[in-house]
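*Asks:* What follows is each chain in one-letter form.
Number of protein chains: 2
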Amino acid sequence: MAKNIKTRADDYAQWYLDVIKAAQLADHSPVRGCMVIRPDGFAVWEAIQRDLDHRFKETGHVNAYFPLLIPQSFLTREAQHVEGFAMECAVVTHSKLEKKEDGSLGPAGELEEPLIIRPTSETMIGSMYSDWIQSYRDLPVLINQWANVMRWEMRTRMFLRTAEFLWQEGHTAHETFDEAEEETRRMLDVYASFAEESLAVPVLQGRKTEREKFPGADVTYTIEGLMQDGKALQCGTSHNLGQNFAKAFNIEYLGRDQKKHHCWTTSWGVSTRLIGALIMAHSDDDGLVLPPRVAPTVAVIVPICRKDEEKAKVRDFIERALTAILGPEEVAAARHRVVAHGLESYFFDHVTHQKILVDWRDTRPGDKHFHWEQRGVPFRLEVGPRDVDAESLVVKRRLDREKETVALDDLSRDWLQGRLDDFQSRLLERARRFRDENTRTATSYDEMKKILANEGGFVRAYFEPGEAAEERIQAETKASVRCIPFDQPAASGKCILSGNDTPTQVLFAQAY
Amino acid sequence: MAKNIKTRADDYAQWYLDVIKAAQLADHSPVRGCMVIRPDGFAVWEAIQRDLDHRFKETGHVNAYFPLLIPQSFLTREAQHVEGFAMECAVVTHSKLEKKEDGSLGPAGELEEPLIIRPTSETMIGSMYSDWIQSYRDLPVLINQWANVMRWEMRTRMFLRTAEFLWQEGHTAHETFDEAEEETRRMLDVYASFAEESLAVPVLQGRKTEREKFPGADVTYTIEGLMQDGKALQCGTSHNLGQNFAKAFNIEYLGRDQKKHHCWTTSWGVSTRLIGALIMAHSDDDGLVLPPRVAPTVAVIVPICRKDEEKAKVRDFIERALTAILGPEEVAAARHRVVAHGLESYFFDHVTHQKILVDWRDTRPGDKHFHWEQRGVPFRLEVGPRDVDAESLVVKRRLDREKETVALDDLSRDWLQGRLDDFQSRLLERARRFRDENTRTATSYDEMKKILANEGGFVRAYFEPGEAAEERIQAETKASVRCIPFDQPAASGKCILSGNDTPTQVLFAQAY
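Residue numbers (this note's numbering), protein chains in the order written: chain H, 1 to 512; chain G, 1001 to 1512.
Simulated from the structure, these hints should not be mistaken for lab results. There may be inaccurate statements among the hints.
Unchecked claim - Calculated cross-link-like contacts (lysine-lysine; reagent style BS3-like; alpha-carbon spacing at most 25 Å):
(1) Lys96/H x Lys1213/G
(2) Lys1231/G x Lys1478/G
(3) Lys450/H x Lys478/H
(4) Lys311/H x Lys368/H
(5) Lys231/H x Lys247/H
(6) Lys213/H x Lys1099/G
(7) Lys1006/G x Lys1021/G
(8) Lys231/H x Lys449/H
(9) Lys1478/G x Lys1494/G
(10) Lys1006/G x Lys96/H
(11) Lys1368/G x Lys1006/G
(12) Lys21/H x Lys368/H
(13) Lys1213/G x Lys1247/G
(14) Lys1099/G x Lys247/H
(15) Lys231/H x Lys478/H
(16) Lys403/H x Lys3/H
(17) Lys1478/G x Lys1449/G
(18) Lys99/H x Lys1247/G
(19) Lys213/H x Lys1096/G
(20) Lys99/H x Lys1213/G
(21) Lys313/H x Lys403/H
Stated by the list, open to error - Each pair of labels, with its calculated beta carbon distance range:
(22) Asp1131/G x Trp415/H: 57 to 63 Å
(23) Leu1017/G x Ala475/H: 55 to 61 Å
(24) Trp415/H x Leu1017/G: 55 to 61 Å
As the list claims (entries may be wrong) - Not everything, but these chain H residues come out facing chain G in the computed CB check (under 8 Å):
(25) Asp27
(26) Val31
(27) Ile37
(28) Leu69
(29) Ala90
(30) Lys96
(31) Arg137
(32) Glu164
(33) Pro328
For every residue, glycine included, the Cβ atom is placed at its ideal position computed from N, Cα and C.
Just chain H, with the same shape it has in the complex (with noise of 0.2 Å):
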């Protein structure tokens, strides 16, 4: 256990932001609520970003980029939509910036209307949409947007809440109704299998309650993940927007009756929030712990030798090593690159640039092992003098500690590739299994605060939502209504405020 990391049962929310920290994710900046993504946090967002767009091209959608800063007046159109945005934005007001009388700067140039940093695009986008759809056969209009977006949040953390945040948003216009409902449903399944397949966190599908939907939808569709705490973070979400936004920015289409029809559309996002995520699912108290397909470094190399005379034979073996998984050319190629001191870079692929490194930093083997393990690099392949007598060297698997010796021979591309891949599987795995462990179901409200008292999780009850209902359920236990699952049961059931008979039954759970 590394000393510069709390543990999770002594502080949960300082172990994840020591966590952060010590695997040089992201960093404080000078702006209150915004955050520095640093690159090895970075480097996870590119990964995420490079898979799923390529499922969203995939399902046929493009991507285009709207304006980052709105009118006003644009906001205030949709009349949720503004109550929801008004209060944390960030308000351009002047086009410059000059010498005031007591030679200080300030603002100057004020504009005639304020302009605010978009908190999401439905307006900017709607308004331009009105423009570019006229008929049935413009549609169905498929766009994403990757963007930076603004919410002035009174309490941020790290990735799951920040000023300023990265994220995509889906926004598209359809004929029908039917046509909107499946895409919006699409979308989610796309979230679903992305932070299953790739971020290794297993998800639970739902429709949001009214309290809990987006400002201006009909219906918000979410996927809701369990970190570690027993707390659910909602990992993304897909709005059904019905004809709202369509009727308040005029995005008409002449139909195939000849008629004019308001569009039905969607939008649905996925933020940096799900980096976050993946550190809170899998991180243990030693830090960092990577889905291999989203790790920017896949394995590091660490020779262990004390004498000069060893280094030359460790550096031969090593060299071996990498030809066997990488090939001539990478390891010939990775010598005229500029690197860091200390340490070689190699590219385990030219497409993900997920790299292989060999640590030759001048320090102990024991700072090295904890170093890597903070930084959560999958594998640790250690070579000493005694390995490269033996042809073999020791692979170290940071999800488990799991530790084998393998044979020089053995090594190869498919060889790393396979072991990358069984570490996908197993971190899934635990990771379900750690959700279905604390998924529970009570039949009271009594059981239900027993608990998330004693211990947290997800608690699936018959509930009838509504406002009130909810809102006393969150002051009395700090947990709302995660979703209303996909999967309902048979007969109904009384619900556990009311008594009152429902067919409907929710997943409760503290959340993020």
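With chain H's structure known, arrange chain G on it following the hints.
*Replies:* Okay, now just chain G, sitting in the frame of chain H:
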């Protein structure tokens, strides 16, 4: 010649806008000076990003993300820097919108210190580097950021100069001046190779004069392209910042000599302006011409048939053609994709997501011809009943309307890739010839004035750079020193303005 596009001879500026509109690359937005990049324009940017990002990573760089908003005080720390950017920045002064007494919404929650939307990130990144860098062991730092930035310029022009634009900004820190200089030049080389290889835009490389350099840089290097109206376009810049920002932001390291030193830093960037460059370098009076490497759609298949019984026959043949090029799996997979009305969409490549379209829309062949010409799709494959009988199709090349008949048996992925590569080479060749033909030498100021007035293009001349001299020439000829090219003559000559002997030749041109 299409009616919705002005000719270049008639009105070059309008032609440029017409090409963009007809190809649906971009659109005006409701916010002054800000554009919307539409899917076909954004796909070009994605191709640029993918290619450049690969080159950055292969030369040892990593990506990160820094905050959008910069405290006003940061801007003022470097004297030249604030002069360069204060007059055109978007200033955030409030953190929410609230209902005022008259019921309307207005800015509230005034910030203690105004924040500006980054016009560039040297200051924010400098502030972070001063935390991250302690020792020479932490160097070099080689970070790039893909981001949006804002500079509220008075006169905007789509892609070339917009208030908000997308770009990448590399920011590196080094132990020595030499390393920083090497990096600055390395990245200029990366830009130059990229512009020629991927955009088919040949560029001239050189150093900017003091008057034209980046505010805060010691030296600025540039790549300059030539547009078809004889004006130059700065396509990318790479700055050796010396120790200017290191001193302003205390970026210090403990050296090998156990003493503190300021770092040597660089920055370098290219932007969505590159899309403007390739439009203006290659397109013609019929619309867009795209380099195949960045074309969202590499080929479109146009069925030409009148009767329904012909349709089935042609459809069957097209499926065989697609199968020959893409393989049966992709042809089968495409059936399940959501597509636009009347268009079938197949992926030529599942990494770049470049497409082959089949245009089954219910419009006349002539209209389809115009439609795809304007959109710059490199190859149009036409299939009529007689082609089916002959087991061949007609292939039309957008570059020069070359037309060839190709047998079904000759179609394959390699065949199409070969045609695309050939197109790309020819396009570069054509642009290079144009550039060479429009690069002239002047031995006197009068000669240069005549060239600029009659032919435009680059004018190479002996010249002693200097604020006053450059200003006078710009006032009299509208031309500026685009760069002091790296290839300098062995002998010195007479400055065209002062008549003094000087070893320096420069390139003049009118510029965007």
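*Asks:* If a hint holds in the structure, say so; if it does not, say that too.
*Replies:* Structure-based check of all given hints:
Distance restraint check for lysine 96/H and lysine 1213/G: the Cα-Cα separation of roughly 22 Å lies within the 25 Å cut-off, and the hinted pair is therefore satisfied. Of the pairs offered as hints, the one joining lysine 1231/G and lysine 1478/G holds, with about 10 Å between alpha carbons and a cut-off of 25 Å not exceeded. Note on lysine 450/H and lysine 478/H: the hinted pairing holds, with a Cα-Cα distance of about 13 Å set against a maximum of 25 Å. Of the pairs offered as hints, the one joining lysine 311/H and lysine 368/H holds, with about 17 Å between alpha carbons and a cut-off of 25 Å not exceeded.
This hinted pair does not check out: lysine 231/H and lysine 247/H have alpha carbons roughly 38 Å apart, beyond 25 Å. For the given pair, lysine 213/H sits about 24 Å from lysine 1099/G by alpha-carbon distance, which is consistent with the 25 Å threshold. Between lysine 1006/G and lysine 1021/G the CA atoms are separated by roughly 12 Å; this keeps the pair inside 25 Å, and the hint holds. A C-alpha spacing of about 14 Å is found between lysine 231/H and lysine 449/H, which places the hinted pair at or below 25 Å, so the restraint holds.
With a C-alpha separation of about 22 Å, the suggested pairing of lysine 1478/G with lysine 1494/G holds against the 25 Å cut-off. Distance restraint check for lysine 1006/G and lysine 96/H: the Cα-Cα separation of roughly 36 Å exceeds the 25 Å cut-off, and the hinted pair is therefore not satisfied. Among the hinted pairs, lysine 1368/G with lysine 1006/G is consistent with the structure: their alpha-carbon atoms are about 19 Å apart, no more than 25 Å. A hinted pair counts as satisfied when its Cα atoms are at most 25 Å apart, and lysine 21/H with lysine 368/H qualifies at roughly 17 Å.
Note on lysine 1213/G and lysine 1247/G: the hinted pairing holds, with a Cα-Cα distance of about 19 Å set against a maximum of 25 Å. A hinted pair counts as satisfied when its Cα atoms are at most 25 Å apart, and lysine 1099/G with lysine 247/H qualifies at roughly 24 Å. The suggested pairing of lysine 231/H with lysine 478/H holds, with an alpha-carbon distance near 10 Å, which does not exceed 25 Å. Our distance criterion of 25 Å between C-alpha atoms is met by lysine 403/H and lysine 3/H, whose separation comes to about 24 Å.
Our distance criterion of 25 Å between C-alpha atoms is met by lysine 1478/G and lysine 1449/G, whose separation comes to about 10 Å. Restraint check for lysine 99/H and lysine 1247/G: satisfied, since their Cα atoms lie roughly 24 Å apart, inside the 25 Å limit. Straight-line distance between C-alpha atoms of lysine 213/H and lysine 1096/G comes to about 22 Å, which keeps the hinted pair within the 25 Å bound. A threshold of 25 Å between alpha carbons decides the hint, and for lysine 99/H with lysine 1213/G the separation of about 24 Å falls inside it, so the pair holds.
Between lysine 313/H and lysine 403/H the CA atoms are separated by roughly 23 Å; this keeps the pair inside 25 Å, and the hint holds. Between aspartate 1131/G and tryptophan 415/H the C-beta distance comes to about 40 Å, which lies outside the given range of 57 to 63 Å. Our hint of 55 to 61 Å for leucine 1017/G and alanine 475/H holds, since their Cβ atoms are close to 58 Å apart. Between tryptophan 415/H and leucine 1017/G the C-beta distance comes to about 56 Å, which sits within the given range of 55 to 61 Å.
Against a cut-off of 8 Å between C-beta atoms, the interface hint on aspartate 27/H holds, since the closest Cβ of chain G lies about 7 Å away. Proximity of valine 31/H to chain G holds as hinted, the smallest CB-CB distance being about 5 Å (cut-off 8 Å). Among the interface hints, the one on isoleucine 37/H holds; its C-beta lies about 4 Å from the nearest C-beta in chain G, closer than the 8 Å criterion. A distance limit of 8 Å between C-beta atoms decides the matter here; for leucine 69/H the minimum to chain G is near 5 Å, and the interface restraint holds.
Given hint, alanine 90/H at the interface with chain G, holds; its Cβ is 5 Å from that chain's nearest Cβ, closer than 8 Å. Annotation: interface hint on lysine 96/H holds; nearest CB of chain G at approximately 5 Å, less than 8 Å. Below 8 Å, beta-carbon pairs count as interface contacts, and arginine 137/H has one with chain G at about 4 Å; its hint therefore holds. Evaluation of the glutamate 164/H hint against chain G yields a held restraint, the C-beta minimum of about 5 Å falling below 8 Å.
Look at proline 328/H: its Cβ only gets to about 17 Å from chain G, farther than 8 Å, so that hint breaks.
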